[in-house]
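Chain order of the listed sequences is E and C.
Just so you know, the working numbering puts 265 at position 265 of the first sequence, and the rest follows in order with no gaps.
Just so you know, the working numbering puts 128 at position 128 of the second sequence, and the rest follows in order with no gaps.
Check the hints yourself; a few may be wrong.
[Unchecked claim] Capping the alpha-carbon separation at 25 Å, the derived lysine-lysine pairs in DSS-like fashion look like this: (1) E:K68 <-> E:K89; (2) E:K238 <-> C:K187; (3) E:K238 <-> C:K137; (4) C:K160 <-> E:K236.
[Said to hold, decoys possible] Covered stretches of chain E (chain C as the covering partner; in silico rule of three or more C-beta atoms under 8 Å from a C-beta of chain C): (5) 159-165; (6) 185-192; (7) 223-235.
Worth flagging that the hints you see were computed from the coordinates, not collected in a lab.
Since the model is a prediction, treat every value here as computed from it, not as a measurement.
For glycine and all other residues, C-beta sits at the position ideal for the given N, C-alpha and C.
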Amino acid sequence: MFKDVAFGQYYPTGSVVHRMDPRMKLLLTIMFVVAIFFVNTYFGFMITAAVLLAIILIARLPMLSVLKSVRAIVFIVLFASLVNLFMIKGGEVLWSWKSLQITDQGVHTTIKMALRLVLLICGASLLTLTTTPVEVADGTESLIKPLKYIKVPVHDIAMIMSIALRFIPTLFEETNKIIAAQKARGASFDTGGLIARAKAMLPVLIPLFVNSFRRADELAFAMDARCYNATENRTKMKVMKLGAADYVGFLLIAAYFVAIMLDRYYFGGVMDSLIFGGLV
Amino acid sequence: MPQIELNNASYSYRVGEGQTVRALRGVSFSVEKGEFVALTGMNGSGKSTLAKLLNGLFTPSAGDVLIEGINTRDEERTFDIRRKAGMVFQNPDNQMVATVIEDDVAFGPENVGIPREEIVERVDWALEAVGMSEFRKRSASKLSGGQKQRVAIAGVLAMKPDIIIFDESTSMLDPEGRAEIMEVAKKLNATGITVISITHNMDEAAQADRIIVLRKGRLVLDGTPKEVFASPEVEACGLALPPATELARMLTERGFAFSETVTDEDGLVEGICAQLN
Ligand SMILES: Nc1ncnc2c1ncn2[C@@H]1O[C@H](COP(=O)(O)OP(=O)(O)O)[C@@H](O)[C@H]1O
Ligand SMILES: [Mg+2]
Numbered sequence: 001m002f003k004d005v006a007f008g009q010y011y012p013t014g015s016v017v018h019r020m021d022p023r024m025k026l027l028l029t030i031m032f033v034v035a036i037f038f039v040n041t042y043f044g045f046m047i048t049a050a051v052l053l054a055i056i057l058i059a060r061l062p063m064l065s066v067l068k069s070v071r072a073i074v075f076i077v078l079f080a081s082l083v084n085l086f087m088i089k090g091g092e093v094l095w096s097w098k099s100l101q102i103t104d105q106g107v108h109t110t111i112k113m114a115l116r117l118v119l120l121i122c123g124a125s126l127l128t129l130t131t132t133p134v135e136v137a138d139g140t141e142s143l144i145k146p147l148k149y150i151k152v153p154v155h156d157i158a159m160i161m162s163i164a165l166r167f168i169p170t171l172f173e174e175t176n177k178i179i180a181a182q183k184a185r186g187a188s189f190d191t192g193g194l195i196a197r198a199k200a201m202l203p204v205l206i207p208l209f210v211n212s213f214r215r216a217d218e219l220a221f222a223m224d225a226r227c228y229n230a231t232e233n234r235t236k237m238k239v240m241k242l243g244a245a246d247y248v249g250f251l252l253i254a255a256y257f258v259a260i261m262l263d264r265y266y267f268g269g270v271m272d273s274l275i276f277g278g279l280v
Numbered sequence: 001m002p003q004i005e006l007n008n009a010s011y012s013y014r015v016g017e018g019q020t021v022r023a024l025r026g027v028s029f030s031v032e033k034g035e036f037v038a039l040t041g042m043n044g045s046g047k048s049t050l051a052k053l054l055n056g057l058f059t060p061s062a063g064d065v066l067i068e069g070i071n072t073r074d075e076e077r078t079f080d081i082r083r084k085a086g087m088v089f090q091n092p093d094n095q096m097v098a099t100v101i102e103d104d105v106a107f108g109p110e111n112v113g114i115p116r117e118e119i120v121e122r123v124d125w126a127l128e129a130v131g132m133s134e135f136r137k138r139s140a141s142k143l144s145g146g147q148k149q150r151v152a153i154a155g156v157l158a159m160k161p162d163i164i165i166f167d168e169s170t171s172m173l174d175p176e177g178r179a180e181i182m183e184v185a186k187k188l189n190a191t192g193i194t195v196i197s198i199t200h201n202m203d204e205a206a207q208a209d210r211i212i213v214l215r216k217g218r219l220v221l222d223g224t225p226k227e228v229f230a231s232p233e234v235e236a237c238g239l240a241l242p243p244a245t246e247l248a249r250m251l252t253e254r255g256f257a258f259s260e261t262v263t264d265e266d267g268l269v270e271g272i273c274a275q276l277n
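Looking at chain E on its own, in the form it has when it is part of the complex:
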């Protein structure tokens, strides 16, 4: 009924992208997300798409797996596009009816916004498709480590993240069991209005909560029994190491970043008019 959260969307192909250091992948994803907000020309979007396509090919991911994550935001994109299309005014009026108006600037802004959102999700999904949630958590811990100097409890945050990841499938399984048990007693979860359904969930949530506290109590004993202590003396079995692929990946995304900045601040729309002529 659900995929193992431990692997989330993870699509194992064993490619060089999958084997990259999760810290680097996180960093590069952040760089990519920042860069894409600076993109304001069609040429910039072409570069972005080309970079994503290159990564997808190197990671040997099927196109479909990437498009699947886009499906989740289709409605948001459509809705935002409609709003943008009619709200943004400027330039030539292309169409008008009563007080509604579509202008050429509105059309361009809308297309660019939609492209930006779709490419953003594609980029972010490349991280989750090639990295397990556990690796993401480990990578995040390592990246936010410097924050401990300003008294952020980095280790505790990391521990909480990893325990949460660990218990999601357990709680999910338990929820299904309780639902089945309540159904066996005649409860119904899929009839009635929204409020009736919400009420029907109460007899599920209460045992789930009570059990969670019991679990937390037992887990605390189990952790204590294994000498848990949140001190500096802890060691880690897994150490993350940057390899050649990480440096190459960094260079690629850095080059992309520079290209986007040049396109925006140096060339302006020159590349667009060169390629698309009078269209833009």
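Given the structure of chain E, go ahead and fit chain C with the ligands onto it with the hints provided.
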């Protein structure tokens, strides 16, 4: 010096104002290195409380608990005691910390600051010892109950303990899972690790060197399975004898005579054959 020593140990839970539940009342016994001890008794007789006294999760309200001579009251040595005396709990789902199996096994050694290379060696060795090596990179949520418990045992083994306490670790498992865990426990015991196994299952208890029976927080029986099963007090402690022992007892009532107390089917068969000859 015995490896485990309880001197008049008591424990009371505080419940609300001035109210206490006396879970253990003046329990004394000692265990030598390498013994396989079954600890049994009715629900609420204090078994889990006793288990938690053995590795310093609780300190006794009165009396002392010594592990290899170290008093569990000595806070500076708490981690030493917990490294020596590992514990496997009842619910396999509630004692796993990490999602990936090898990460979970590494949790203990990481906590006590073992160097990285050695952790890797220990994890390899511990997973091998419980026969779970091929699963090391997998996520724990997909395993059977018996497999999860074996991972939990590996997590304890990675601390290189001298003692392993099983607190009803087989009670949530199917018969196959139970057999798996008993087998691992016996194998570890054969390598010199002391095993304290808390169980309701008298067939399991019969396989121990020694059975200790608690009743309402007091130690009432302590002896070999033969001695304990022969004792008239067994029933008062709410224990069901193993089926073989029960059958032998019924046969005895009808005139059979067994030369010694029967604890398992082999003993029963031998006893009956001896009569028929
Ligand atoms: N956390 C607790 N708070 C209060 N009383 C407890 C707690 N845990 C156990 N007890 C009580 O202590 C007694 C012994 O419990 P326990 O050691 O869990 O027994 P066993 O493991 O043999 O079933 C029982 O009467 C139980 O109700
Ligand atoms: Mg118990």
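Hints, one by one, checked against the model:
1. E:K68 <-> E:K89: Judged against 25 Å, a Cα distance of about 33 Å means the pair is violated.
2. E:K238 <-> C:K187: Given that 25 Å is the threshold and the Cα spacing comes to 30 Å, the pair is violated.
3. E:K238 <-> C:K137: 12 Å, holds
4. C:K160 <-> E:K236: 18 Å, holds
5. 159-165: holds (count 3)
6. 185-192: It is violated: at least three residues are needed, and the stretch 185-192 of chain E offers just 0 whose Cβ sits closer than 8 Å to chain C.
7. 223-235: holds (count 10)
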